[in-house]
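Asks: Protein chains in written order, with our numbering: chain A, 1 to 318; chain B, 1001 to 1268; chain C, 2001 to 2237.
Take these hints with a grain of salt, some might be off.
Stated by the list, open to error - Among chain B residues calculated to face chain A with C-beta under 7 Å, some are: (1) 1149; (2) 1163; (3) 1167.
None of these hints come from the bench; they were simulated from the model.
All residues carry an ideal CB built from backbone N, CA and C; glycine is no exception.
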Amino acid sequence: MLLSPVAMHIPDGFLSVLVSIVLWIVSIVIVGYALKRVGKDLGERQVPLMGVLAAAIFAGQMLNFAVAGGTSGHLMGAAIATILMGPWAAILIMTSVVSIQALIFQDGGLLVLGANIFNMAIVGVAVAYMAYRTVLRITGNVKRGILIGGFVAAWFSIEIASLSVAMQLVFSGTSPAKLAIPAMAGVHALIGIGEGLITVGALAFLLSARPDLVKFGGTRPIGGRLVWLVGLLVTLALVIASPLASTRPDGLEWVAKQNGFLETARGPLYRIIPDYLVPGISSEALATIAAGILGTAIVLGVSLGVAYSRRNRQTSGG
Amino acid sequence: MHIHFLDPYQGGHSPIHRTDARVKLVLSVGFILTTALIPIGVWPIYVLLFAMVISFVILSGVGVGYVLKRAALAFPFVLAALPLIFTTPGLQLFSLTLGTWEIPVTLPGVERFFSIALKSWISVQAAILLTATTQFPDILTAMRAVRVPRLLVAIIGLMWRYLFVLADEALRLIRARAARSGEAEIPGHRKGGRIAWRAQTAGGMAGNLFLRSIERSDRIYVAMLSRGYDGEVRSMPLPKLEASNWIELILGGGILILLVVLSLLIWE
Amino acid sequence: MHHSIEIEGLTFSYPDGHEALNDVSLVIKPCEKVALVGPNGAGKSTLILHLNGILSGSGSVRVCGMKVGKDTLGRVRAMVGLVFQSPDDQLFSPRVYDDVAYGPLYQGLPLQTVQERVEESLAAVAMSDYSQRISHHLSMGEKKRIAIATVLSMKPEVLVLDEPTAGLAPRARRSLINLLHELPLTMLVSTHDMPLVKDLFPRMVILDQGRVVADGPTSVLMEDKELLDAHGLERPF
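The following block holds chain A by itself, in its conformation from the complex:
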């Protein structure tokens, strides 16, 4: 995971069920709102534009460049999508990118897809928007401002999204806070530089070829203030919480232990089933036996299926 964008895509198995489901709900609500906004505010011509740009961001991730020691810089794309299309469309674009990565390339899991959408499409975009607008506010809408803003937005989107990933790992009890947070933050501070440089390169190219495309520096999108505020709050929350969590991990890890869905759900469930269903055999042993029978049944069923379909193929083939 070191120095590769894969570190951003959490696979299945690394987040607790509770964290996964909560983040699914948050992502569904926010992406649903973005869909509404885009449907209402942006014209019908945005639909093909969002689809093709999402494909371009995916393809753009192939354009790596050598950094040092065999590692390479890549593109996540939240910042450039935000700068080109505004926050709402960017959320949808990044949601599409992250979904396809999970569904086709297993880059990130399915149960944790909600979390990955949250980190890259929502945190990434909101933070990029906040950073970009803030820089433009200071420098004015000039070329230099756009380039600096692009770099800052790209770096912050990567760094803050990685802190969000680290926090989720800690909350799930998968990674100890005092190691995960500094490691993710440190690695992504470097990856963020790569993201920043590519974003600046892309913006510089577009500014010279088609300056009209780098448009939203001038106009404020509807609901932009909200995104800016969310971006700021997420950034502040993670920047403040992370060092606290990694230096004084006791509180967080206590939460992690509590949230293990099963740790809490198991008690009452266990009490429903008496210890001894059959005299002399504990229910634990019984369950193991049942599992064995079930497994044998499944494997037997599947092998019959294989044999059957093979024979079918042979009879239909010959």
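The hints should help you fit chains B and C onto chain A, whose structure is shown.
Replies: Then chains B and C, alone, in the frame of chain A:
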């Protein structure tokens, strides 16, 4: 030039290939959810889940080797969980000495780490099986069936359609860069320029790609308009789920629930 | 009886001030096959986009007797099938079936009719087996055929094609020409492929710098070496 390696779908006529994509999507996610719900260290159930996934892989004819190899892609992330071996409190197995540092390795830590790694590995295999046996347009239909909004499905569909076209364009750009990346014959001169310069080149190529894709989306928009597009996303109605699909769903769901219950009983 | 296409005094300038069409007039009768030729930037593509109401300039454009305007857009787009140069832009759905069904679906036709239309159109371009294929796996020639099917499914009266033979290998080109020859529709084809013009189109219109500079029988215009040279065209052997 066409990028086919990007499409992990493997054609076939196995029962798995023929199963309705909606059933496959729901059961795959259900399987992964089940795997996530199994507590730490319930090895018999892990073995069962693994046996199930491998059985279905064999049944699909996709190739066990292919799936296992692809599943290894998620392995690097395991590093994130590695520290658990040392930090989880519990019975100490042995300790590693690193210089003056002494790091304890605990039994619960080892158990926790291997559980996470194994569960993740099993889940990835299920996802690979889904994509290897289901054409993506069918997955799009399945997404509509589980109530993903039409607009989002339309964007993802367009993205998938142009993924290959744009990946081809990106490859052409990469080849053009490679063809011009010569080495100057100056002693002691490092090839490739400074990192910032290399990043600028890569960024310029990305910008180029974005520009082309924006221009392409203009042409697509015109093509859509000329066939009646009016801003609303329309699609063919979903085919009805048949009784056999429901039986598959109920049977699959039942087995998964049973596994969770059994795992809770075994877990101590 | 009305004409398939009637254009009168059409003038159009792009927002950047570039004048693409200047007082163009053109009448095409039903089932007539007309070639539109001229150098790059002559305004051929701009003219084509007017037939479908995607661009609108001053002057009048009538399609099948209907004046092209805001209220007739839906009908006009169904009557005029526009096939663009790059089939990768035309085929924007993941699967062939969805692309061919797109037009009828947006016309709001009942499902049964949509299905019939898809089958008919694919049969018309001899691609019946391709309905479940993935568009990006197809060859250039196959894509071009499917692209034509995507507009045939709307049952248009006029077929307008932009550079249909560009990028095709000889055999695929030949088979496409045969297909166009057989389709019983009014046809306006913008092209640089002069042998195609000679083979397929009895009438030819030369456009240069936004003006119609010649309009007449192909056999006559092709002999006028001076005219062809003046507008950057070459006489086929």
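Asks: For each hint, tell me whether it holds in the structure or not.
Replies: Hints, verified against the model:
no., hint, result
1, 1149, "holds, 5 Å"
2, 1163, "holds, 5 Å"
3, 1167, "holds, 5 Å"
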